[in-house]
Amino acid sequence: MREQVVMVGDDLPLVGVLCEPDLDKHSAQNTAVILLNSGVIHRVGSCRLSVTLARNLSDRAGLATFRFDFSGIGDSEARRGTLTAAQAAVEEVQEVMDYLSQWKQYDRFILYGLCSGAFASYRTALADQRVIGTVQLDGYCYMTWKSYLLHYAPRILSPSRWIRFLLRNLGFSKQKKGAEVSGIEERYFEVPDFAGYPPRQEVKQGLRKLNDRGLNMLYVFFGNEHYKYQKQFEDCFNPVAFGDNLKVIHHPYATHILSEPEDRKAVVESISDWVLSLIEDKQQLTDNERQTGYRVCVCTSNENPN
Amino acid sequence: MEAFYFGPSESYLLGVFHPRQSTNRNEAVVLCNPFGQEYLRAHKSMRRLAINLSHLGYSVLRFDYRGTGDSAGDLTGVTADHWADDVEHAIQEAMDMAAVPKVALIGLRLGALLAAKAATNNKQVSRLVLWDPITDGSSYLGDIKSSVDQAQKQGSRSRILEPDGTIHFNGFSMPPPFQETIASLQLDNLTPSVPAPIAQIVSHEAEAFTNLTRQLSERPDFYYELAPAPHDWNYVDHVGGILWPKPVIDAIEAYFDQRAF
Numbered sequence: 001m002r003e004q005v006v007m008v009g010d011d012l013p014l015v016g017v018l019c020e021p022d023l024d025k026h027s028a029q030n031t032a033v034i035l036l037n038s039g040v041i042h043r044v045g046s047c048r049l050s051v052t053l054a055r056n057l058s059d060r061a062g063l064a065t066f067r068f069d070f071s072g073i074g075d076s077e078a079r080r081g082t083l084t085a086a087q088a089a090v091e092e093v094q095e096v097m098d099y100l101s102q103w104k105q106y107d108r109f110i111l112y113g114l115c116s117g118a119f120a121s122y123r124t125a126l127a128d129q130r131v132i133g134t135v136q137l138d139g140y141c142y143m144t145w146k147s148y149l150l151h152y153a154p155r156i157l158s159p160s161r162w163i164r165f166l167l168r169n170l171g172f173s174k175q176k177k178g179a180e181v182s183g184i185e186e187r188y189f190e191v192p193d194f195a196g197y198p199p200r201q202e203v204k205q206g207l208r209k210l211n212d213r214g215l216n217m218l219y220v221f222f223g224n225e226h227y228k229y230q231k232q233f234e235d236c237f238n239p240v241a242f243g244d245n246l247k248v249i250h251h252p253y254a255t256h257i258l259s260e261p262e263d264r265k266a267v268v269e270s271i272s273d274w275v276l277s278l279i280e281d282k283q284q285l286t287d288n289e290r291q292t293g294y295r296v297c298v299c300t301s302n303e304n305p306n
Numbered sequence: 001m002e003a004f005y006f007g008p009s010e011s012y013l014l015g016v017f018h019p020r021q022s023t024n025r026n027e028a029v030v031l032c033n034p035f036g037q038e039y040l041r042a043h044k045s046m047r048r049l050a051i052n053l054s055h056l057g058y059s060v061l062r063f064d065y066r067g068t069g070d071s072a073g074d075l076t077g078v079t080a081d082h083w084a085d086d087v088e089h090a091i092q093e094a095m096d097m098a099a100v101p102k103v104a105l106i107g108l109r110l111g112a113l114l115a116a117k118a119a120t121n122n123k124q125v126s127r128l129v130l131w132d133p134i135t136d137g138s139s140y141l142g143d144i145k146s147s148v149d150q151a152q153k154q155g156s157r158s159r160i161l162e163p164d165g166t167i168h169f170n171g172f173s174m175p176p177p178f179q180e181t182i183a184s185l186q187l188d189n190l191t192p193s194v195p196a197p198i199a200q201i202v203s204h205e206a207e208a209f210t211n212l213t214r215q216l217s218e219r220p221d222f223y224y225e226l227a228p229a230p231h232d233w234n235y236v237d238h239v240g241g242i243l244w245p246k247p248v249i250d251a252i253e254a255y256f257d258q259r260a261f
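Which chain is which? The protein sequence lines are H and D, in order. Residue numbers for the first sequence follow the numbering used here, so the first one is 1 and each next one is one higher. Residue numbers for the second sequence follow the numbering used here, so the first one is 1 and each next one is one higher.
Isolated chain D, as found in the complex:
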């Protein structure tokens, strides 16, 4: 494993590269994180997935988007387009480091939506794996706002700050430009422009997932799997407990083991 900074100097990104540990699959993998508290709680899962995939022969790059984790800055002035650019930087970095011609993207929650955006019309992307994806940015924000409202009723001081509309949710801030650009993203609109095969691997059933499956089933290369596992990424306790949904991690690993591209 190698950890380092990469990308433009003004928006440098933390990367963690796991070189392949067995037969070369000639394909690298980039993992795309979810947002905020979900990212903290997913770190261990993402790391374990990266290690397991590297043992299957895939070099894997994990990274932090700008304004998150150990990467540069905060989210002031950052948009979803910037994060999609960060995914593209990560794709290039993974190709360079692994010396492979193509990269698979795995995105969890909001990371799936951003990975889909980065994969549109992108011939470097060999496949796109949507793990418990956010299917509609606007609904995602609506859910966050209702959670904040609910928390306020239960005595939380979390709130939507006036006058600029920044949301503070579970310890992380989402400024208006970020919200606006996230709200404009929908998997329905993005996936038709993704030339690579798509897999949808989910830990539970939901109406949004069913609708997405229906739409994607028209693609000949579509893969779907339900691997029941805990999925409450926004549950926050007082000691910083971490979610560890092993069955769905195993399912993604098995998909990469059985299907080489």
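Chain H on its own, in the form it takes in the complex:
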């Protein structure tokens, strides 16, 4: 495995680290994994997850990876413009893909992200056909009747929850949000400025489009208030028939920032296994196409002997 720091772009470059497997360990010369920021944490990722994952993907799956900072995050200088952060993220991932294509001849990409990084990988996949797979940790998903039931049933039966609910509604206590939760003055505490979730129908249409295109999707959900059971994602976006394009993993006891070492280990291993299997499938498909193409050629030659 070899790592090198890369600056993408001449003016206000995006700073990243390219991690490549040893030459004899490459499993796919034309494919790279791009790891995106989550929130305002710089490219090493929450609890250094992106570094661990990038190196694991290089060592275990034989793939090149590129982890970088979006403009205005980590070591990348902010860029001026009229785009929203969400739009700029898609453009910047495409800029990175263009750069890696020109420099290293990668033409297929798998995008990885946690939370806002997952949202950016979804949006980029919609905008760019070079994306063959996404790995989304706590990506877009919405409540279903079953998840509402699983969420609210224990609360309805809990006296302490009722007391807190009443106190809030009577104005005796306040539900804290964002920087307020920390107790630290807002001007001294930077939290991600997440754009609101898009409407469910919009995401459903997007997923249908991606699914029809054959995009491979790995979704990993952790123990949060909004994801309650293994099949929630499929129920949520029913009737999209994902079939083999989708794999969902649910770690109900893991935290959103993956603070527990065994959770990180399990997630890193399952991502590496999934990516490796995706690469092997694509390779198999390419081999089959090559064989089929050869037969067609022979057949054509036989059927049309001038």
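These are computed hints drawn from the structure, not numbers from a lab. By construction, the Cβ of each residue, glycine as well, lies at the ideal position given by its N, Cα and C atoms. Be aware that one or more of the hints could be misleading.
To be verified - Stretch-level coverage of chain D by chain H, calculated; a stretch enters the list once three of its residues show a Cβ under 8 angstroms from a Cβ in chain H:
| # | segment |
| --- | --- |
| 1 | 37 to 51 |
| 2 | 166 to 176 |
| 3 | 200 to 210 |
| 4 | 244 to 252 |
As the list claims (entries may be wrong) - Residues of chain D clear of chain H, computed beta-carbon distances all greater than 10 angstroms:
| # | residue |
| --- | --- |
| 5 | Leu14 |
| 6 | Thr23 |
| 7 | Asn26 |
| 8 | Thr68 |
| 9 | Ala72 |
| 10 | Asn121 |
| 11 | Pro163 |
| 12 | Pro197 |
| 13 | Gln215 |
| 14 | Ser217 |
| 15 | Tyr255 |
To be verified - Among the chain D residues that face chain H by a calculated CB cut under 10 angstroms, a handful are:
| # | residue |
| --- | --- |
| 16 | Glu2 |
| 17 | Pro19 |
| 18 | Val100 |
| 19 | Glu225 |
On the provided structure of chain H, position chain D as indicated by the hints.
Chain D alone, transformed into the frame defined by chain H:
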């Protein structure tokens, strides 16, 4: 700004160099990070401090210790001595890149303790700035262990793994060799062997800081400033919020602006 890898090939270090943007002060600065979650939450502050100091005429090098950030490996087998060696590699790198004869060290929290260790008997170090320093490695570990105990009582699965004693705290692991070597470091013992001037710039008052100030006040070159600012570096929320204690960053910048060496 230039980002690159430097140091020995088996323990390569990520460095980010900010070249001076104004009159040459003939002194570079190396920033020494804190540990674990504190490092993630301090990244923006360290970067901003580096940029501001570069505008004052100081070339600045930020870097990740081995086993952290984008640098090589993990903390398996790593000790505080290795991290002090990394600080020394960073000092040499900063001197080479900035073409200056001396380097100031600024350390935050555990980074201050390590910077002090690297500064002992080191004539290349022009001054040592202790920002909210960990004054005693042993007490620091004790605090972490009590936080883990407290978190467990509140339902966290964080724990001290048996049998080897590795601590998992706030998403970062601290293996026993690292703990043992950190525990042996105390500013009380280190600072008398630091030949360079020392500044203590803190965001809040604490008994450990007062004791340190009392000890360091005997030095003719000692500088102290209290710049009240948030300092809960280990507060971790669910969205990865970042601490931004501007008043103390401004105070360090002002110290470098007014006092050239």
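Closer than 8 angstroms, Cβ to Cβ, for at least three residues: run that test on the segment 37 to 51 of chain D against chain H and report holds or violated.
holds (count 5)
According to the definition I'm using, a residue is off the interface if its beta carbon is farther than 10 angstroms from all beta carbons of the partner; does Tyr255 (chain D) meet that for chain H? holds, 20 angstroms
Is it correct that the beta-carbon of Gln215 (chain D) has no partner in chain H closer than or equal to 10 angstroms? holds, 30 angstroms
* Asked: Does Pro163 (chain D) really sit off the interface, with its C-beta more than 10 angstroms from all C-beta atoms of chain H?
  -> With a cut-off of 10 angstroms, Pro163 (chain D) remains clear of chain H, as the shortest Cβ separation is near 16 angstroms.
Exercise. May I ask you to check that Leu14 (chain D) keeps its beta-carbon over 10 angstroms from the closest beta-carbon of chain H?
Key: Non-interface label on Leu14 (chain D) violated, nearest chain H Cβ at 7 angstroms vs cutoff 10 angstroms.
Minimum Cβ distance from Pro197 (chain D) to chain H greater than 10 angstroms, as the annotation requires: holds, 29 angstroms
### Query
Taking C-beta pairs only, is Asn121 (chain D) more than 10 angstroms away from all of chain H?
Holds, since 33 angstroms exceeds 10 angstroms.
So, as I understand it, the hint says Pro19 (chain D) touches chain H; can you test that by seeing if any CB pair is closer than 10 angstroms?
Interface hint status for Pro19 (chain D): violated (15 angstroms vs cutoff 10 angstroms).
* **Evaluation of the interface hint that places Glu2 (chain D) against chain H, nearest CB under 10 angstroms** => With Cβ-Cβ at 8 angstroms, under 10 angstroms, it holds.
Holds or violated: is the Cβ of Thr23 (chain D) farther than 10 angstroms from all Cβ atoms of chain H? holds, 23 angstroms
Next item on the list: Hey, is Asn26 (chain D) genuinely clear of chain H, shortest beta carbon separation above 10 angstroms?
Entry: holds, 26 angstroms
| message | Taking 8 angstroms as the Cβ threshold, is the statement that the segment 244 to 252 of chain D is covered by chain H upheld or broken by the three-residue rule? | response | holds (count 3)
Hint compliance for this structure: hints 3, 5, 8, 9, 17, 18 and 19 are broken, all remaining hints hold.
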